[in-house]
Amino acid sequence: MVKNVIEVDGLTKVFNKGFVAVDHVSFSVEEGEIFGFLGPNGAGKTTTINMLTTVLKPTEGRASVLGYDVVRQASMVRKVIGVVPQEYTADEDLTGYENIMLCADLYGIPKDVAKKRALELLELVELTPFKDKRVETYSGGMRRRLELACGLINTPKVLFLDEPTLGLDVQTRAAIWDYIRKLKEEYNMTLFMTTHYMEEADALCDRIAIIDHGKIIAIGSPSELKGSLGGDVITISIKEDVDVSELIRNIDNVKDVKKDNGSYRIKAESGEVTAPIIIDVLRRKGYTITKLSLEKPTLNEVYLEYTGKSMRDAEESREAFVSHRITLRRARSK
Amino acid sequence: MSEYRPNILRGLSALTIRELKKWAKEPIILLMAILQPIIWMGLLGKAMNLNAIFSVNSLSNVNIPDIKIPEYGITISGTLIKQRLLEVFENIGTNVMQNFFGVTDYFSYMSVGMISMIVMFTTMFSGMSMVWDRRLGFLDKVLSTPVPRSAIIFSKVLNAALRSMFQATIILALAAILGLKISPTFSPMNLLGIYAAIFLLSVGLSSLFLALALRSTRHEVQMAVVNLINMPLMFASNIFFPTSMMPEWLQAIANVNPVSYLTDAIRQLTIFPLNSSTLVIDFVYLGVFAIILSAIGITLSWRYLTR
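Same order as they appear, the protein sequences are chains Y and P. If you're matching positions, the first sequence starts at 8 in the working numbering and goes up one per residue. If you're matching positions, the second sequence starts at 8 in the working numbering and goes up one per residue.
Errors might be hidden in some of the hints.
These stretches of chain Y come out as covered by chain P in the derived footprint (C-beta under 8 Å, 3 or more residues) [unchecked claim]: (1) 53–63; (2) 74–86.
Not close to chain P: a few residues of chain Y, all C-beta gaps over 10 Å, as computed [claimed, not checked]: (3) Q93; (4) L113; (5) V177; (6) E192; (7) L254; (8) K266.
Pair ranges (Cβ atoms, derived) [claimed, not checked]: (9) P:E227 x Y:N195: 55 to 61 Å; (10) P:R225 x Y:T66: 22 to 28 Å; (11) Y:V78 x P:N282: 52 to 58 Å; (12) Y:V78 x P:P249: 50 to 56 Å; (13) P:P249 x Y:R79: 36 to 42 Å; (14) P:I36 x Y:E38: 56 to 62 Å; (15) P:P34 x Y:V120: 32 to 38 Å.
Note that these hints are calculated values from the structure, not bench results. Given the structure is predicted, the values throughout are model-derived calculations rather than measurements. Glycine residues also receive a C-beta, built at the ideal position from the N, C-alpha and C atoms.
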């Protein structure tokens, strides 16, 4: 039986200046799934993760992790979760190994168990050759892997990852994805992650909640979300100057046809199966197909559909992002 | 998956060792911290050579003419008068120093005060490091682990106390080299008392500075607040001058200032002839100060560390 590992009901965080960072958010995460929070910067992803990891107190609403309430049973929650924060929080003056052992001490893991586990984790994230080097000499990717290792030291049942690949290059990002998949497959860990990379959410998550301005606007598996747009888009052009809209519309799986500048824009479910059928039908009637393309909807289109703006547009410039973070941090600190 | 038991001592020692490791890796900060009181000692302590005012040299260019009383045919030699006067003067000087400062030289008096000063400046950094930990995200990570919240605060307090004690040792050793006049009642056992007194004031002061830093994310603000507190704490105390020489209103402040009690305790244990009843009062005061402020610090950290 599948049980819910994380349950969130009407979770809200209002910062002192009246800024509503998270606005009555409700969702649940099942055991063993990777659940992603997707949204632009400042949408309330980190605030949500901070409430679930007991670092921030919710203003309103309830949330529980493995049945423990994040406010009333905060210390129980802290024992069973692992956290990989967005910032590089490892102490730069200590070595990678010292950092992991410090985490182990904070969880009260017996020394001998901790030593063995720390070495295993360093091996997992491929930092063994650098374990006795100070963290200040590490690259961004190495730091991120070290954070991951620290978050795993207590063999958590649920791992929270806040923007796990923020600012990493493509190769390092792929490596982090591999570690994350491994955790799910080999340890049956439940993972809650936030990201503003759509490819990441698409590639990694079993289910995604799209969040914007503190509200969840859509929730479901990546294919469900993309499917909710009404399927794939097939664009077709024929040589003959006749209207074949009706003909196409009668084919199974086709949902909508629009004639546009001599080409037909067809919305259809499972486009890769439907497109050959359309070709067949048109050929049998003696039409010549001159052009054909098949587009799978991306999460960007999903985001566009629900918010009315492209997520890339919602992404602020780097400077705006930094100043936004500073504002947010001040708001959080008060 | 086993259940681990986070315990306060384990967390406390881990976090304290982290702080000490960071500290040991930046010897330059330690050097700067020690340099400051040395400069005070060297410049103010040696320059404000109060006992020299009353020394023979300061009267050496005064010439007293011979006193003649013709009616009786007596002539008193001026040099003789001067010699007698100098003797009396020196005697007065020593007594004045002894009565006001409790010792005959100002250097000994103020170099012990420097220990209090270094305690104040070291503890003030405990609040600063809290602000940094928050800014760097380290604090959030620690907060998401099950380590007891009190261990987070106590590790900073303990770190400040250990650093103060270490730096005080260096100051005391340097003062001894530069000519600290130790009282005959001093015994090596007194060092334990000195450490205990430093520990108590460090605990009290760093709890205060940490409580102020609990919610702060800006080190500039913290710096300004700390400076505002430290200056009056330093001058409205007996670090540089005995409180008996101060105007009454300032005396009233200095007499409740815990820094005065630490300074007095250390003076009792090093340069003054030991007065046990005063020393007991000093320790009781410092102890109460430490207990009250650390209790406030812990209570506030429970409430405000998690926002």
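Check your understanding: Does the structure break any of the earlier hints, and which numbers would those be?
Key -> Of the numbered hints given earlier, those the structure breaks are 3, 4, 9, 13, 14, listed in rising order.
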